[in-house]
Every structure is written in C-alpha cells, then in structure tokens.
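Heads up: the sequence lines are chains E and V, in that order. Following my numbering from start to finish, the first sequence increments by one per residue and tops out at 496. Following my numbering from start to finish, the second sequence increments by one per residue and tops out at 496.
Hint data in this document are derived by calculation from the structure and do not stem from the laboratory. A couple of the hints might just be wrong.
Identical copies look the same in the list; a pair holds intra-copy or inter-copy alike.
[Said to hold, decoys possible] Straight-line alpha carbon distances no greater than 30 Å define the calculated DSS-like cross-link-like pairs of lysine-lysine that follow:
| hint | residue 1 | residue 2 |
| --- | --- | --- |
| 1 | Lys-393 | Lys-70 |
| 2 | Lys-133 | Lys-192 |
| 3 | Lys-393 | Lys-133 |
| 4 | Lys-11 | Lys-95 |
| 5 | Lys-205 | Lys-139 |
| 6 | Lys-133 | Lys-204 |
Because the structure is a prediction, the values reported are computed rather than measured.
Number of protein chains: 2
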Amino acid sequence: MGSDFELLTAKLKRAQLLGSVSELLGWDEQVNLPPDSADQRAEQRSVMAESQHALLCDPEVGQLLARLEKNASILSDDERVVLHWARRDYDRETKLPAEFVREKAAQGSRGYHAWAEARAAADFARYAPVLEKNLELAKREAAYLNFGDRPYDYMIDRHDPGMTASTVSRLFSELREGLVPLVRSITQSAVKGRADRLRGFPVKKQEAFLREVTARIGFDYRRGRLDVSLHPFCSGTGSDVRMTTRFDADNPLDSLFSSIHETGHGLYEQGLPRDQHHTALGQSVGMGVHESQSRLWENQVARSRGFWTFFAPKFREQFPEQLKEISSADLYLAINAVEPTLIRVDADEVTYNLHIVLRFEIEQKLFDGTLAIRDLPAAWNTASEALLGLRPKNDREGVLQDVHWSDGAFGYFPSYCIGNMMAAQLWYHALELRPQLEEDFAAGDFNWLLGWLRTEVHGRGKRFETGPLVEKITGQALSPQYLIRYLKDRYGPLYL
Amino acid sequence: MGSDFELLTAKLKRAQLLGSVSELLGWDEQVNLPPDSADQRAEQRSVMAESQHALLCDPEVGQLLARLEKNASILSDDERVVLHWARRDYDRETKLPAEFVREKAAQGSRGYHAWAEARAAADFARYAPVLEKNLELAKREAAYLNFGDRPYDYMIDRHDPGMTASTVSRLFSELREGLVPLVRSITQSAVKGRADRLRGFPVKKQEAFLREVTARIGFDYRRGRLDVSLHPFCSGTGSDVRMTTRFDADNPLDSLFSSIHETGHGLYEQGLPRDQHHTALGQSVGMGVHESQSRLWENQVARSRGFWTFFAPKFREQFPEQLKEISSADLYLAINAVEPTLIRVDADEVTYNLHIVLRFEIEQKLFDGTLAIRDLPAAWNTASEALLGLRPKNDREGVLQDVHWSDGAFGYFPSYCIGNMMAAQLWYHALELRPQLEEDFAAGDFNWLLGWLRTEVHGRGKRFETGPLVEKITGQALSPQYLIRYLKDRYGPLYL
Numbered sequence: 001m002g003s004d005f006e007l008l009t010a011k012l013k014r015a016q017l018l019g020s021v022s023e024l025l026g027w028d029e030q031v032n033l034p035p036d037s038a039d040q041r042a043e044q045r046s047v048m049a050e051s052q053h054a055l056l057c058d059p060e061v062g063q064l065l066a067r068l069e070k071n072a073s074i075l076s077d078d079e080r081v082v083l084h085w086a087r088r089d090y091d092r093e094t095k096l097p098a099e100f101v102r103e104k105a106a107q108g109s110r111g112y113h114a115w116a117e118a119r120a121a122a123d124f125a126r127y128a129p130v131l132e133k134n135l136e137l138a139k140r141e142a143a144y145l146n147f148g149d150r151p152y153d154y155m156i157d158r159h160d161p162g163m164t165a166s167t168v169s170r171l172f173s174e175l176r177e178g179l180v181p182l183v184r185s186i187t188q189s190a191v192k193g194r195a196d197r198l199r200g201f202p203v204k205k206q207e208a209f210l211r212e213v214t215a216r217i218g219f220d221y222r223r224g225r226l227d228v229s230l231h232p233f234c235s236g237t238g239s240d241v242r243m244t245t246r247f248d249a250d251n252p253l254d255s256l257f258s259s260i261h262e263t264g265h266g267l268y269e270q271g272l273p274r275d276q277h278h279t280a281l282g283q284s285v286g287m288g289v290h291e292s293q294s295r296l297w298e299n300q301v302a303r304s305r306g307f308w309t310f311f312a313p314k315f316r317e318q319f320p321e322q323l324k325e326i327s328s329a330d331l332y333l334a335i336n337a338v339e340p341t342l343i344r345v346d347a348d349e350v351t352y353n354l355h356i357v358l359r360f361e362i363e364q365k366l367f368d369g370t371l372a373i374r375d376l377p378a379a380w381n382t383a384s385e386a387l388l389g390l391r392p393k394n395d396r397e398g399v400l401q402d403v404h405w406s407d408g409a410f411g412y413f414p415s416y417c418i419g420n421m422m423a424a425q426l427w428y429h430a431l432e433l434r435p436q437l438e439e440d441f442a443a444g445d446f447n448w449l450l451g452w453l454r455t456e457v458h459g460r461g462k463r464f465e466t467g468p469l470v471e472k473i474t475g476q477a478l479s480p481q482y483l484i485r486y487l488k489d490r491y492g493p494l495y496l
Numbered sequence: 001m002g003s004d005f006e007l008l009t010a011k012l013k014r015a016q017l018l019g020s021v022s023e024l025l026g027w028d029e030q031v032n033l034p035p036d037s038a039d040q041r042a043e044q045r046s047v048m049a050e051s052q053h054a055l056l057c058d059p060e061v062g063q064l065l066a067r068l069e070k071n072a073s074i075l076s077d078d079e080r081v082v083l084h085w086a087r088r089d090y091d092r093e094t095k096l097p098a099e100f101v102r103e104k105a106a107q108g109s110r111g112y113h114a115w116a117e118a119r120a121a122a123d124f125a126r127y128a129p130v131l132e133k134n135l136e137l138a139k140r141e142a143a144y145l146n147f148g149d150r151p152y153d154y155m156i157d158r159h160d161p162g163m164t165a166s167t168v169s170r171l172f173s174e175l176r177e178g179l180v181p182l183v184r185s186i187t188q189s190a191v192k193g194r195a196d197r198l199r200g201f202p203v204k205k206q207e208a209f210l211r212e213v214t215a216r217i218g219f220d221y222r223r224g225r226l227d228v229s230l231h232p233f234c235s236g237t238g239s240d241v242r243m244t245t246r247f248d249a250d251n252p253l254d255s256l257f258s259s260i261h262e263t264g265h266g267l268y269e270q271g272l273p274r275d276q277h278h279t280a281l282g283q284s285v286g287m288g289v290h291e292s293q294s295r296l297w298e299n300q301v302a303r304s305r306g307f308w309t310f311f312a313p314k315f316r317e318q319f320p321e322q323l324k325e326i327s328s329a330d331l332y333l334a335i336n337a338v339e340p341t342l343i344r345v346d347a348d349e350v351t352y353n354l355h356i357v358l359r360f361e362i363e364q365k366l367f368d369g370t371l372a373i374r375d376l377p378a379a380w381n382t383a384s385e386a387l388l389g390l391r392p393k394n395d396r397e398g399v400l401q402d403v404h405w406s407d408g409a410f411g412y413f414p415s416y417c418i419g420n421m422m423a424a425q426l427w428y429h430a431l432e433l434r435p436q437l438e439e440d441f442a443a444g445d446f447n448w449l450l451g452w453l454r455t456e457v458h459g460r461g462k463r464f465e466t467g468p469l470v471e472k473i474t475g476q477a478l479s480p481q482y483l484i485r486y487l488k489d490r491y492g493p494l495y496l
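The shape of chain E in the complex, shown without the other chains (with noise of 0.2 Å):
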C-alpha cells in the first residue's frame, strides 16, 4: 500500500509543480508583461493548463485512488485526508465533458467582454443573456459534480469546503440584523474619520516604511517578494510567495492596508507545511479561511491602538512633514474610517460585510428561481437601501460594478463575510488565551499571535473544513456575533 500511496503523491507533485509555474505566469502577467505580449501569454497559459489538465486526468491516478480507497482501513489519517482530497480533485477534473470545458472558457471570455461594455454603458440589458448563460452553466457544472439538487451548495462548497446554502444564510441573517442599527448610528454620528487629509506621501518612503510593516508582523523576505500591480493580490506558496500592492502619494493608507492584507494571505502561504504542498495537508482549506487571515492581520491587528503605539512613530518620522497637523486622535481615526459607499471595493470594514449580504441574499435567490435575471437591477438597488442607506444612481453604481459573474463565478462573495467572522472569532479566542496581545503590539512583537496561527490554521493544512476548523480551534461553531461585538467594541467608542 505504501507503494501506491507514494505513486499517488509523486503524480500529484507534478501536477501541482506544473501549477505553480502556471501561478507564476499569472504573477508575471500582472507585474512585468511587456504591453504588447498578451496574446503570446494567453496561449502559454493554454499550454500549461491542458498539461496539467494531462496529469490530474491521468488514468492511473483513477486506478490508484480506486486502489487505495478500497483498503483505505489501514491508512494514517493523513493519508486518509491525502486520499479525500486528491479524489475530490481528480473528480472534478475528470467529470467535466471536454466539451463543458470548452463551452464555459469561451463563455467565460465572452461574458467578460459583455460586462465591460454593459458597465461603460451603464446598461443592464446587455448583461443579462450573459448572466441567463452562465446560471445554466453553473447549474449543469453542479449535475455533473453530483450536487444537481444543490447547485448554489455546490458554488459555495467550491470556495469553502463544507459550507451550504442554508448555514450562510442562517449566518448572514443574524450578522445583517446586527450591523444594520450599528452602520445607522455610526453614519449619523458627528464625527468623521478624514482619511483624505493624508497627501503627499512620497511613494518610495511609502513602500519603505510598509515592507518594514509587513517584515515585523512576519513576512519572510526570503521566501517571498512585493511587487507593484493594478490591483493587489497574493500568489504562490512555500518557499516563493508575491504580493503586490500599489501606490498613491495622496492614500497612504491604501497601500499600507493593501499590504497587511495580502501578508495575511502570504503567511498562511508561508506557513503551510513544507514539502506537502502537493497533498491536501500542505493546502490551504479554502477561501473563507484564507480571507480569514488576511482580514484578521489588516484589521483586528493592525487598526488596533496597540499596534499604532508602535508604529505611529514611525509612521511620523517618516513623514514628519506629512504628519504634522495631525493629531494622533485624527490618525486613528483616518485609519477607522467609516463612510457606507455603493461600491463594495471603496467599502470600510463595518459596511464591508452588508455589501456581501446583499449580494449573497441575490445570489440565493437566482439560484432557487425567486429572482428572475431582469429583475435582478430593481431587487438590488431596493437592497441597497434597505442596507446601506444609500440608492444607486445608475446600474454602474449597483449590479454591474463587480466583475465575477461575467465568469460565472458564483458563490465566490461569501467567502469574504466567512472571512471577517472567522477573523473576529479567532481574534477573541486569542485575547482569551493571551489577554497582552495588543500590549505585545505596542512593544512590536507579534510573534505569539503569528506563532498560535501557524499552529492553530496554517499546520493543519486541509485537514479539517471551514466550519470543523474553527469550531476544533474556538471550541464553538463560527457565528458572527464575534464580528458584531469587534466592530462595536473597535468602532463604538469612536463614534457612538
């Protein structure tokens, strides 16, 4: 058995090679591709997708999970949670029709194009065929996986391993009925944070001061890079992890939260066991865990005021200039800025997670056939009132603003809010089990927390599913009354 365990496992380290240099490619495509080389990009990455499509499909790997799952009895756990998951994997590669594949790639391109111009146009009429399309796709791509009653489970089951329909909702209702009355009162407060009296920050100094952020929370620079790219993003694993940010002279703090959140991400990446990359115990769980981490550093850290003891002068010995005019109760409150915003990537932290109930709420509704597709623009301006107080003026400003479902990508938003539960959660587990956390900040030591993390998320691998993982590290199911009492006890005091 030994035997064809190990044959499994050097097949999945291939495959899993192969796809890091398909990483990497992407990678490369956002931070150095010469303008004129997209195309010759598009049909690399091709290449290396039908390759490593080749080796997972590998028959033999079929023939040596069927082996291995008939003797499963005398396997290690972690061989058993190896098996689960190289099996999930090699099913959804291989029960997919080429044919299927083809049709939603094509789809998925097309759908791009469309919603582009629909946005510029500001006209939902051009989308929605798209939309129609890619909810049938969507659907077939559940049949085909075995979850044909399902289909909505199945999208968020792709992005959280284990997470349904019916727990988000369950979640997500009780988050909404908290936030709702918090946002209400924060907006009608007196006082204002003014992230927009920071101008003038020098890019250079910007970028030193926050590679000196994200070195002390933990960042190795030996396993890892930061990069400039249109958009921020993490990518890679190991012993080779990119983040990107961008800068703004007149946004400092864009950047630097930027930042943080993506070395949240990179830690994770970074703290996966090494040499098990290739199996499921060298795998993150998902996408709410992994957003977990990075909303917990940008946000539970590092908005703290223990953390901004330590770095605030720094910040102002950087940019004394700057800074000067300042006051150190302005600051902090830059920093907790709360202003409710149509558009979901401008959000602050508190209104953050109603922009992804809404779309969770409509989402939901498609998938059981309560919504129709050219219903879609009314229920979600009526959504965003009722939300966030606010009306778009224009489907620009409301459906049309997020990119995902121009590819069909489903299920996807979520994850974010799991995320921020899941941070918060953590976040009072930790101050249970070490109360001086933040003075350990004000000192700027942030070892024991990174150091619980690795034990407690990253070592584990994909042992265990969203929802068994934080209950096996909190002793209690995720919930989000953590999230409601964070941000009242992290905003109420500052506006309330």
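Dock chain V against the given chain E, drawing on the hints supplied.
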C-alpha cells in the same frame, strides 16, 4: 499533406510554448527569485523539462515526420525548411538514451561544483577528472547523433549549424595572423584609453540614459523589458524579449555597452517572423549569427564616431559634473580602450578574439587526442603568452577561469568569434549599400540599418545555415579579413 504538416506544426507549437515558459522561469530565477526558493525552482524547471521532452518525443511526431519526408517533393520550400529542422530536433530528443541524458545531467551538476572548488583553490588537479568525463560524454553524444567519427564537428554544429572544425580552424589561423601584430602594436603605443576616470555616475541616471539609447536604436519596449541581474543576458522571443544589465556607479560604460550588446540579441529575437516561433521559419540560426547581431550594435555601431556625435551631448547633459574634466577625445578613447588581460570576460573587442582562438585551438587538440587533459594548464599558459603576451600566475587566471567546460559545453566558444567576423563582414557590406551610415547615426537615425538587418538576417529565420547566410547576404564566404580591417580602421587612428 497539408493536414500532416499542420498537425506537425501544431505539435511543435505546444512544445515551443512550454519551452518559452521554461525560459521565463530561467529569467525569473536570475531577476526575481526569493533567495530561499532555489530548490523549488529547480523542481519546477525539471518538471517543465520533462513535459516538454514528452511533447517533443511524441511518437506521432515521428510518424508525421516520416510521412512528410516520403512526400517531401510536394512541399513548398518553406515547408521543407520546417521539416528539415523538425527532424533534426526530433532526432536530438529521441536518439539520446534516457540513461545517457540522466548521466549527463548529473555530471553537469557535479562538474559545476568541482569547477567552482578547483577555481577557488586554483587547483587544476581537482578539475581534471571532470574534464576527462565530460570529454568522454561529449564523444558518446556525438556518436548517438551520427557524428561518431568527428565529435568536435558535432559540438560546433550544435551551436553553429553547418560549421566544422576545419572551417573554423582555417578562419581562426588567418585571424590570428592578422590580429597578434595589431595587438602588439596597440599594447606598445603610448596612447591609453582610460575608462577608470569615469566615476560617480548615479545608477538611476545611467538607467535613464541606456533606456534612451536602446529604445533609439530600435528595441521595442512594448514587446520587451530591461531588468537587473548579476550577469547580463537576453531571453525570450517575439513579443516578450527580456534583457538584463547590472549597474556600477564607477563603471558606466560597462552597463551601457552590455545593454547595447543585449539589445542586439533582443532586436534579432524581436525581428524573427511572428507566428512562426515554433518552426525554423521564426527561429534564430544559431549562436554565431546571434552574436553577430549583438556585436554589430555593440561594436561597429556603438563605438563609432557617428554614434557618439549624436549621443555624447546627451551623455554630458545627464552627467555634466562627472564628465566636466573629460575631453571629447578622451571620452572616445575610453569607449575604445584596449588593454590585454588574462581574463576573457574583461577583454576589449580587439583582444577578445585571441581569447577565443586560444580556447578553440585547445578544444580541437583535446578532441583529436593530441593534447592530454593533464597537459592542459601548460598548453594554456604557453598559448596565452604567445597570443596575448601574458602568462597566468595560476590556473585561476588561466584554464580555470571559464565555467563552460564544467558542463560539457565544448564548441561553444568559437561562436563568439564567428559572430565578430560576421558582424564586421555585414558592416562593410552595409556601408557599401549605404555609405552615409555613420551620418545616419550622427543624426540619431538607426532605421536603415535595423531595416536592412530585419530583411537580411532576422526575417529569414533558419532558412540558411551560418555560412550560407553570410554568403547570401554579402555575396562572399565568411572571412576574417573584414574583422581585421574593421579593427585596424577603428583602432589604428586612435593608437598607432
């Protein structure tokens, strides 16, 4: 038939795309790789090489080649070119037994470490067994590829198709005869070029200047990049050509000329017929022709008076303080400094060729058995004295200075000098067609020359081998007389 040809080129295309990804991994390794990620990169490159090898060895390729060859009479000339080189590449991929390829790869890695240690200790005895083994492997490889009776021809032909040791030998002895006295006269001249007076050139400004120069002579930055690496190189083809340089505030001419050199390579790669990079119609001929392009721009063009008529004022504008005390005559002499040195990579363009002649004569004797490995250091030192007038104090300055042989790369050195000869021959032919070429340069206009090279060299892909290409363009066989004439024309007036 059309269909078989299309099937073949479709397969070649996939292999070429994977190859281009591997090349990008190599670039990224030199430019971007986090320090602790070398092992992962080695694994990625190895699995990419396997995948590419599998595509190239696909038995269907063999069947397609055989069918096409049987009916070659109905193919067009261009199709026959494609078929000819596809057969050659296929044979090279399939005729070497897997066991041999593994042995060679392992020996290459061992060889590199043995060389590095021997060089550090200036102890040739440690390196001798590696060379014995590499020589034996080279002979076996030649035999697998049907060159068993003339293994050194095989090594040369690998880098410069169609070239043989006897041709190179004839060219090089003629060159040697013309060059040795010229070098002796220059060395004895009281005039000295002094590049060491150029100090304190800020790197940012150096970069701005060399970007201006390389763009002006024709490098298309929409289809390429310039980055920094330890050793300058150029990689990639077509729409994504990436060159590198390195900067030293006290040696601005090094970055500038190495960038112009890499630009010559890059112009060739950017000028190869688009959409044909997967067939011989869109591939470079070989190393010698490649080097002819880099050398032509670096030397004939960028060391000319015309070139500096245009660029010297811009250079002074960027660096007014640094150049204040340097007269125009001294600047031009610094650009054309000649000083024999023991180390090839430090050599100027006059003496460089003698370093190559030395290596070629030794390789030839190693392969025909008239020189034993153990006698190599003595032979090297004697030749060095005869050719350069300098005798190494130890083997680090002599036979241990180059990495090439540690990896079995015999027959590689001659290409450098073949390129120099070809560059000079192209140059005088270009001058016949357009006598005002230097006046073009003085006006900042490099279009005629680039256009001519695009047509005569780049656009032809691999339709002609090295020798026939030179003859096709200039109407004469490759000859060292143009290089000798060029060096006398350039350096005689300055030094003699």
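Results of checking the hints against the structure:
Taking the shortest Cα distances, Lys-393 and Lys-70 never come within 30 Å of each other, neither inside one copy (60 Å) nor across copies (70 Å). Neither within a single protomer nor between protomers do Lys-133 and Lys-192 lie at most 30 Å apart by alpha-carbon distance, with minima of 44 Å and 76 Å respectively. For the homomeric pair Lys-393 and Lys-133, the shortest alpha-carbon distance inside one copy (27 Å) is at most 30 Å, but the shortest distance between copies (77 Å) is not. Proximity of Lys-11 to Lys-95 under the C-alpha cut-off of 30 Å is found in both arrangements, the shortest distances being 19 Å within a copy and 26 Å between copies.
Taking the shortest alpha-carbon separations for Lys-205 and Lys-139, neither the intra-copy value of 50 Å nor the inter-copy value of 58 Å comes in at or below 30 Å. With identical chains, the CA atoms of Lys-133 and Lys-204 are never at most 30 Å apart, being 47 Å at best within one copy and 52 Å at best between copies.
Checked against the numbered hints above, the structure breaks hints 1, 2, 5, 6 and satisfies the rest.
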